[in-house]
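> Chains as they are written, first to last, in my numbering: chain S, 1 to 234; chain W, 235 to 468.
Derived from the structure by calculation, the hints contain no laboratory data. Just so you know, not all the hints are guaranteed correct.
30 angstroms max Cα-Cα, derived BS3-like pairs, lysine-lysine [what the hints assert, rightly or not]: (1) W:288 to W:331; (2) S:140 to W:288; (3) W:331 to S:140.
Derived CB-CB ranges, DEER-like [as the list claims (entries may be wrong)]: (4) S:92 to W:246: 56 to 64 angstroms; (5) W:423 to S:43: 50 to 58 angstroms; (6) W:452 to S:225: 58 to 66 angstroms.
Partial list, computed: chain S residues near chain W (C-beta under 7 angstroms) [to be verified]: (7) 54; (8) 55; (9) 130; (10) 138; (11) 149; (12) 151; (13) 234.
All residues carry an ideal CB built from backbone N, CA and C; glycine is no exception.
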Amino acid sequence: MEELRQACLQALALIGRLDSQLFEIVVLSLQVSLTAVTVAAVIGLPIGAALAVECFRGRQAVIVLFNALMGLPPVVVGLLVYLLLSRAGPLGPLGILFTPTAMIIAQAILIIPIIGALSRQTMEDAWREYEEQLRSLGAKRLTAASTLLWDTRFSLVTVVLAGFGRAVAEVGAVIIVGGNIDGVTRVMTTAIALETSKGDLPLALGLGIILVSLVIALNAAASLIREAALRRYG
Amino acid sequence: MLPLELRDLCFAINGNTIIDRISVQIEDGPRTIILGPNGAGKSVLMRLCHGLLKPTSGTVAWTGRRPNRRSGGQAMVFQRPVMLRRSALRNVMYGLKLAGVSRTECELRAHDVLDAVGLSHVAHHPARVLSGGEQQRLALARAWALGPEVLFLDEPTANLDPGAAREIESIIGAIHASGAKIIMTTHNLGQARRLGDEILFINQGRLTERSSADRFFREPASAEATAFLRGELP
Ligand SMILES: Nc1ncnc2c1ncn2[C@@H]1O[C@H](COP(=O)(O)OP(=O)(O)O)[C@@H](O)[C@H]1O
Ligand SMILES: [Mg+2]
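Next up, chain S with everything else stripped away, as it sits in the complex (with noise of 0.2 angstroms):
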C-alpha cells in the first residue's frame, strides 16, 4: 500500500515538473494517433457518406464488414501491416518498419472501419430525413454525401474523437509495428507496458495518469461540442 502511494506522489511530480521523458512520449502519442486519425477521418468520413446515400450491389456487404472490422484486435492489424512493411514483405524496400510512420499506418487501419461505420450510422439517420427534399431540389448523390458530411458536422467531430480515443489507447498494433525504441517510437500505451514490466511505477502511472484524463477529456469535449451545436442550430 505504502509503495503504491509512493508511485503515485512520484507519478505526480513526474507530470508536475514536466519530466522531459515523460513528456517526449507524451507528445510522440499525439503526434502518432492525431495523424492516424486525420488519415483515417480523411478516407473514413467520404466512405461513411457513401455508404449512406449510395445504393449500390453489395452495400450491405460493405457495411457488415465494416461492422465487423470495428472490432479488429489490434495486435491483428499490428501483425499485417508488419508483414507488410517487413524486409520481406511488399511494402518493405520502403523502410519504415520501427518508424512512428508504420506506427500512425497501423493505427490508421485500425479506426479507418470505426470512423466509416459511426459516420454512415450518424449520416444515414440524417438521409433519411433529407432525401427526398434534396432529391426534390435536384442534388446528385455527390452533392448529397457533401451535404450531408456538412450537415452532420458536430455529430463527425464525435465520431472523429471516438477514433482518436481508440488509436491512441491501443498498444497491441504500434507495440508491434513501432518496437517500442526509447525515443523514437515509444508512446504512451507501450510505454506503460514495459515500465510496469521493468517496475518502474512512477513513469508508467504518470502516463496512465495522463491517458486516462484525455480519454475523458477528448469525451467531455465531444458532448459539449455536440450539446453548445445542438442548442446552436437545432
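With chain S fixed as given, assemble chain W with the ligands onto it according to the hints.
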C-alpha cells in the same frame, strides 16, 4: 412544361394498391387542390407527380414545352419542412446553387425571397431553431426562389397553428399571383375553400371527382365527396 398528364397511374407497395388507376390532365392556371381524407393517397400521388416515386404502372408526363431551367421547373414543399443545418439564407441559397444560379445572383435572390415571406430579420439565424411556422415559410421561400413553373405543396399547414397557417396561405396566394401553378394537397375543407380553384377529390387511391371548387362545395357529385363534406370521413 404544363399540362401534367397522368395516365392510368397506379402505385402499389407490398401488394397494397395505394394509387388506383388515376387519369387526369392538370392545366396551367387555376390552383388545383387535391382533397381527400387521411390515408387517401394524396401524399403518394404528389410524390409520383413530382418524380420522387416511380409509378408501378401508368405514366406521369409533362406534355408542354420543356422548361429552360435545370431545376426542371418544378419544386415541392413538404408537410414537415426539411431544414438544413445552416442559416435561413443559406437554406435558400442551397436550392439556388443546385439549380445552377451564380453565387452573387443566389444571394440577391435569396434576400429578395426571404423579404417576400417576411423572414429578413432571421436571415442569418440557424434554420432549425426557427419556429414551425417560420420553417415552413422558409421552405416556401426556398421553393419560390427557384421560380418554379409548378409548385407542389403537401399539406403545408397541417402541423401549424391557425395564425401560422394563415400566413402560409397568403404566401401561397402570392406565389400563385407571381405566375406559378399551385398543386396542393389538403384534408382541410376550410383551406380547400379558401385556396382552391379546382378540386381533385381522392378517396382510397381513386380519383372520385374533379370539378371547380364552387361546384364541388355546392353540389358534390359523388357519394364519397358528399360524405367527406359532411365530415363523415376521417
Ligand atoms: N412507404 C409506404 N409504405 C407503406 N405504405 C405506405 C407508404 N406510404 C404510404 N403508404 C400508405 O398509403 C396510403 C396513402 O398514404 P398517403 O398518401 O400518405 O395518404 P394521405 O392522403 O393522408 O397523404 C396510406 O394507407 C399509407 O399507409
Ligand atoms: Mg399526406
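> Indicate, hint by hint, whether the structure satisfies it.
Going through the hints against the structure:
1. With a CA separation close to 26 angstroms, the supplied pair residue 288 of chain W and residue 331 of chain W stays within the 30 angstroms bound.
2. In summary, the hint linking residue 140 of chain S to residue 288 of chain W is supported, as the alpha carbons are separated by about 17 angstroms, within the 30 angstroms threshold.
3. Restraint check for residue 331 of chain W and residue 140 of chain S: satisfied, since their Cα atoms lie roughly 13 angstroms apart, inside the 30 angstroms limit.
4. Remark: the range hint 56 to 64 angstroms for residue 92 of chain S to residue 246 of chain W is upheld by a beta-carbon distance near 60 angstroms.
5. Against the hinted window of 50 to 58 angstroms, the Cβ-Cβ separation of residue 423 of chain W and residue 43 of chain S comes to about 56 angstroms, which satisfies the hint.
6. Remark: the range hint 58 to 66 angstroms for residue 452 of chain W to residue 225 of chain S is upheld by a beta-carbon distance near 60 angstroms.
7. A least Cβ separation of about 18 angstroms between residue 54 of chain S and chain W goes past the 7 angstroms threshold, and the interface hint is therefore violated.
8. This hint is violated: residue 55 of chain S has a C-beta 14 angstroms from the nearest C-beta of chain W, more than the 7 angstroms allowed.
9. Because the smallest distance between the Cβ of residue 130 of chain S and any Cβ of chain W comes to about 6 angstroms, under 7 angstroms, the interface hint for this residue holds.
10. A distance limit of 7 angstroms between C-beta atoms decides the matter here; for residue 138 of chain S the minimum to chain W is near 5 angstroms, and the interface restraint holds.
11. Contact between residue 149 of chain S and chain W, as hinted, is not supported at the beta carbon level, the nearest pair being about 11 angstroms apart and thus beyond 7 angstroms.
12. Nearest Cβ of chain W to the Cβ of residue 151 of chain S: about 4 angstroms, under the 7 angstroms cut. The hint holds.
13. For the restraint placing residue 234 of chain S at the interface with chain W, the shortest Cβ-Cβ distance is roughly 3 angstroms, inside the 7 angstroms limit, so the hint holds.
Checked against the numbered hints listed earlier, the structure breaks hints 7, 8 and 11; every other hint is satisfied.
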